[in-house]
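A.B. asks: Hints are included, so try docking the two chains, each in its own frame, into the full complex.
First to last, the protein sequences are chains A and B. The opening position of the first sequence corresponds to residue 1 in the numbering used here, with each subsequent residue numbered one higher. The opening position of the second sequence corresponds to residue 1001 in the numbering used here, with each subsequent residue numbered one higher.
Every clue listed holds true.
Which chain B residues face chain A? A few, computed with CB under 8 Å, are given here:
1. Lys-1400
2. Met-1420
3. Arg-1423
4. Val-1693
5. Gly-1694
6. Ile-1777
7. Lys-1782
Don't read these hints as lab results, they were simulated from the structure. Even glycine gets a Cβ: it sits at the ideal position worked out from N, Cα and C.
Below, each chain spelled out in residue letters.
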Amino acid sequence: MSIVMKDVWKTYGEGHTAVHALRSVDLDVAGGGFTVILGPSGSGKTTMLNLLGAIDFPTQGTLQVDGIDLANLGTDTRVDFRRNHIGIVFQFFNLIPTLTALENIELVANLTMQDGIEQSRRALEQVGLTDRMDHFPAQLSGGEQQRVAIARALVKAPPILLCDEPTGELDFETGRMIIGQLRQLNRDNGQTVLLVTHNAAIGDVADRVIRLRSGGIVDDVRHESPRDPAELAW
Amino acid sequence: MVSPLTRKLERDVRRHKAQFIAVAVTMFLGVMLFAASYDSFQNLRASYDAAHIEYRFANLTIAGGDVEAIAAGAAATSGVESAHFRTVADVPLQVDGTKLLGRVVGMPAGDQPAVNQVKVLEGSYLDASLPEGVLVEEHMAEHFGLGPGDSVAVLAEAGWIETRVVGVVASPEYIWPARDRQNIITSPDNFGVVFGGEALAERLGVGGPNEVVLYYAGGEPDDALTARLTEDAWASGAGSVMTRDLQAGNAALEEDLKGFEEMGLFFPVLFLAAASMAAYVTISRLVAAQRPYIGVLLANGFTRRQVLRHYLGYGLLPGLVGSIPGAIAGVLLARLITSLYTDLLAIPITLIEFYPVTLAVAVGFGLLASLLAALAPALVASRVEPALAMRGETPSGGGKPSIPERVIPPMRRLPLTWRMAMRGVERNPRRTTYTIVGVVLSLMLVLVSWGMIDTIEHLMDRQFVEIQREDASVYFAEPLGGGGADALESVDGIAEAEPVLEVPVSFVVADRHYDTALVVMEADTSMHAFASSTGEWVTLPAEGLLVGSALEELLEIGPGDTVQVSIPGLGLSIEETVAGFIDEPLGTMSYVSRDRAEELAGTSLPATSAMIRYNAGADPAAIRAEVTELPQVAAFEDAKAIYNVMQDLMVLFYAFVGVMLVFGAAMAFALIFSAMSVNISERSREIATLLAVGTERRAISRYITGENMLVALLGIPIGLVVGYYMSKAAMATFSSDLFAFDLYVRPSTFLFAALAILGVALLSQWPGLRALRRIDIPRYIKERSA
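Isolated chain B (complex conformation) (with noise of 0.2 Å):
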């Protein structure tokens, strides 16, 4: 038997339903992304999870020192459930007459490792009996179309020597393909790997194996025994020292991970702040029309229990009717954006659970914020005096001048309709500060979506057109002197080409470490330019080096420190001051003058590349393909190939803001409908009473229109503020070694999102306005409060 209050609840919800649906919809989208990010950050949490133990993942990664030793006192660790040591080389591979930059991972032929197994997608694995098989990376495979059968070449120390494909393989190492920690983004034309038998890598000219991989028990993370073996590495001469969250690839993926988590919270919880808003605005407009039956109910002896739980029940409602469809379409949403996005990077495993948890918990969540709501109104229903509310006068404020009449007199006289709509605006301070905060909510949405376009785009612009100057990068078979860059520029169609020299190098400041790559370029290069962390552009120092600014923090070094900088490569170790920080957005490069490391070295230092700048109007792949042949050349690296991977990579932002700009829209929609209707429908005796006296419906719409939108002005500056911060605060999240993400955001963006929710909030007015044509004057002048 349902009791006559529920079947008023039923009954009024029914009545004011364009504004019930506004907040059950609000509540829904809130419901829905929590649930499909939350779900989606689970499941590919467990997908990664569980390809780091399927295929075994490095917990610990030593490269350099006695790489035996080390395995052996390793394996003997408690802790540690396996040892691996192998041979990784970097080398030039050539693919039908490409030339990139690659990478030689030592496999033992027939059974796969003990630490960082491949999962075989097509062909088989290493056999002993062709041991000039290789395993081909999948991304290199997909680029080059490469497939068990077709062969690769590999640059060693006597030469070019032809590989046969046997399989195409996917690695935990390289789900996101990144050469290092300073190349996270590369592109499949620049940087392939292949895995190859341990007797092939040997002969690349790295001297036998050279770096160890540990696997945990149960490949957990030990931060204790992690702390243990790196302590016994750098004993051991080791030159680097990498856990598996600073893994290359491996931390690409987390910092996705982590904006998958970041996001998860605070779209949803923006979304479910407005559903709020705007279920508070309504049922406060409910409450307040209520009074004289409110006061019946209360005379009649309901309980001011039952009044308060009869009122929260107009939160309840529209939640439970947003937040269920809302988490099941989260769910299945979920579902889709693991598969999609598993398959799109290509992770080996894809698991895609039932969490009941998130769907209990998008529930909650959502009807958490409908009572809450609810709550304030339905307080303000229970404690309504009933002789008082039964007489249907509802204590109204004092009309006064506005604010703006009040600071400048002379607004005072501008026309009666323009004060009428100031005035408006301070008459419900609640609602209005409502209206507001929902203007603010929205345009936060937007610009925060909006802002990652606008920073990756400039990051881009920045790192790839203002900072690198190169239009190629032309690596070396073998480290040559000076005149190897000079030879390019004989090249038609090269204008300039510098001698590069980049080396890995580990930096120590106390017992603090960071590996990183030391570029040694002329002191007046042309090639890059520097762009201090203070932001004025400086050139290379005479003495010390420009170094990344993530240093400052990570070694805890300021301008003019000494650092031990340890280049295992040039079996060098040397201290240098820090001449200064540099911010570069991709990446934690250190740079010094040729001149400068040369007397550091005290010899000459060859070049291992060279930068090349193109002629005006010349053909990229003509040079591309006549550099290529060059018998020096080992590989070519065409700055604008990363470039174009960004872009691409954009594809996905785009679809992401735009979705974000969709739902943004809808909450913008939601909140200043309700704002407005409630704006309209409070004041329905005033415009009866205008239209009964004369004034046409065009006029009034023009003084609610003009009222609402000086509202919605109002919140655009504080929104376009808090918006700014609130992105800032985001990108900062998401900023690192790998990637500094510094807000920028372009004039014209606040400038189309403040318009955008402008030309929201004049739409939201539609239906309302549209109202005022059906509006009955003969009963709304009769009617008693206003």
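The shape of chain A in the complex, shown without the other chains (with noise of 0.2 Å):
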């Protein structure tokens, strides 16, 4: 599962309010790993995660993710690509707060499989929440529902994760668990991973860590001894 980004741009707006969010980004990420995107806030991370994920489109250059072309997809193609390629976990958490934990699961297991729900709990018992599945967002802590987002990520068995800042919301300990576990579940499962984070410390686990900066790529960094989370300190 390889992504190809060539000169690739993002602009919000027109004339003097134009705003590059991405300038002639080039990137080739190969499938696999664990990539962390590094770069101060406006840098372009969020923006490039969106267009990986086909929710946004580029405003010029070729974008691929496995020979697909997300810059030409159609509407109904984009979401067929969203929903049988990707796995979105975001900064803050997004469940629906009236479905259980198992049924936030379920819901996205469904667009994929007649009945997700066998699915679903080996996905929520793969983050260690087996005993919380009829729990409601409301009441679970930020980085049980943040497991239960990474669960939500899973299920499909998506080749590639975006995760968008999935620690911001977290206090140190939690944030760290979740890196972990999205660690392990990269080596256990074989999904490329692309993490964006204004975090340095996190690139510490990964194996590849691109920064941004100004919507520009300023450094690309290969770890041959990725760190191991639990080492992890911010």
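C.D. replies: See the structure below:
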């Protein structure tokens, strides 16, 4: 599952008010890795993730995921792409408050399978929340909610997992646990993980760290021996 | 210099313009309805009052007794400005071969009387040099196309007299041409009024002047004076005493006016409540979304009072935008309604005035409703805790299974989207409640309007099909024996004829009087059915009277009670028991079997008319022509004519209901649209998330539609029940001894009303669902608060 970006631009607004969120980005990501995209606010991290998730369109350039040209997909095929290729973990968890932990996962599981209840249970088991499956989001801690969100992203077994500041709303201990879990899932399942954060320390656990600034890649580092998430500190 | 907060208010309103326009439009409708109906009511009231004064409409009418003595006594009574006595004779008339029931009212020739004057619309007033000259009341003149120079035959003691029409007039007594309180609705084909010189009227066999009409000082009602004059009149042998309020035509107009007054309150209150709710839902959502900014305002030194004022502005602005044009439009609409109405009813004087108070009160109502709507959310805004609000954390309720899932556990196995929709209903109880209330208010509006149509159509059917089973009534020139009716059966096309004696009577119980008609019919009559007040069909009893159920309250009597029945026409006064009460939609009549009446009178009784039934396929026009030719026949009354008059009047109702249905739909749309737009905007992040994870927009639309329709469905049964009882109450206010408006709503009406509201609910989601297509997924998935 490769990701290829060639001369990708994303511009919001026009003329004097135009803001270039991404400027001529070239990127090639091989499948199965754990990539962290680092950068300060406004550097274009989330924009890049949105383009990769087919949530947004590039203004210019070529963007391919597993050979699929995302820049030219129609509305329905973008939905299909998101459904079959992408799992997303959000900063604010974005769980449906009226559904239990299990139902939140089942909702997404049912998009790609006939009866996703068993897979949903297994996904919840993977993130260690079997005993909380009947709890509603408001009854879960922030960390638990994010784990449910991860299970929701994983249940469809997508080849790519996009994580947007998944620790942004969590305390250190919980954040570290989430990173550990994502890293473990990446190793166990072989999914390509792209994690966006402004927390440089998280980059230490990644196979590759890409730094963005003002919409452009300023650094691209590969780690031969990433650190164990348990050793993380910030 | 516009303050930044005011600019914020303007821009916020512009950003949510669809919702605020919905509020302003509903406010506009409510205020307009109030101003239009209330001003119309005031204009009509003023027009009637002006006509009463201009034409010196009698405050009190006394019939029977020594009229000259009564008039002289009254004239000497302080407070009575004018007293006049006259001859009034109910006699058949004939115009171009059409015989109809008529009334000839005696007037002084040359000068108008001091009381109950007429407005000459065409020709001239009565001239003493033309003793056979008559003035024709305008309804009759219009129907028969009569004008000066035409002739009308009047049946006098000595036979038909040919009179000459000298003028066409409007009379305050016959603005609504009712024959009497038992016959409020008449057809011009069956009943007409002419005014003739006293000399002519006295030739009609009623034995000279028989009615006194009194006009009080300034035409103002005076209850104490009425009580005194009434007492004196009874003492002088009067047969009936009637105040202006009770005078048949005026009473019908007053009922109508009362309707305006009540509608002028009921419908606007409904619309203003709806507008308030729409405003409340919109402003509450705005406050919830702006919590972080409110926190910033407070943290930067804005006082809670300033914040309160600022958010009250969100109510005030659409309130002003809706109310001021609404009040102006209402006042203008009132002018149009008044002139259409006074033209339609031919009110002699039309007064259209500008009432600044209506304008002020209408705007005041609108502003009050909008401020009340904004008050609760504005208070919430002013009480925000800045530290908590600036963190962007909106306190959120915990999720839980829906009530149906808790009560019926197997429902937890329903498809997930169904469960989501059910839980969504309980998610924001306040919004759900307001949507339900919106549905209820809309249904109330629809049912009250539609219920009126159903009720009137049902009552017409009941009166003219179920109760009155005759095809026509034939009035005899003079009372005949039973053979008079038998002779009619020989007319080709007539299947049956039954003799009827109808005489004016006065019921007296202690000091309570009620004037009505006593109808003497065959014990086994097939021409009239009697519906008891308990719902069963009954026959005429062997002993006792069947009387209209309104008398139960008016005379404070019950079954088995004895009433004194004074029958001036027969010179009789008898006592008889009340065998039972009957429900008849029109009038409050009394009935007795011929056998019992003859037993009480001690003699055989004649027939004043006959009820006839046609053979199947007979030609009614040919029968009328042939029957009218018979010498003993004075008038022919087609039972269907009144039915047709009612049908014509129904056109006004249909127009009214049509307008109300459009307004109801607009109100329902505004309310449900506001609630549903907020529903969608409140969960933008949720929807964006679902889209981001690959859910199709169609699936999300279905889920949101399901939830909203579920809420609307919850409101339907409540709305139907509340609407039914509201309609019942509304119809009850129109009920009197003149009309018995017992609410009847067709089952199909409930169904159509519910479907109409559900249709509007479905339609009102459309803008919100369209907005789904434009939802900015990247923006909302990063939003902190839901």
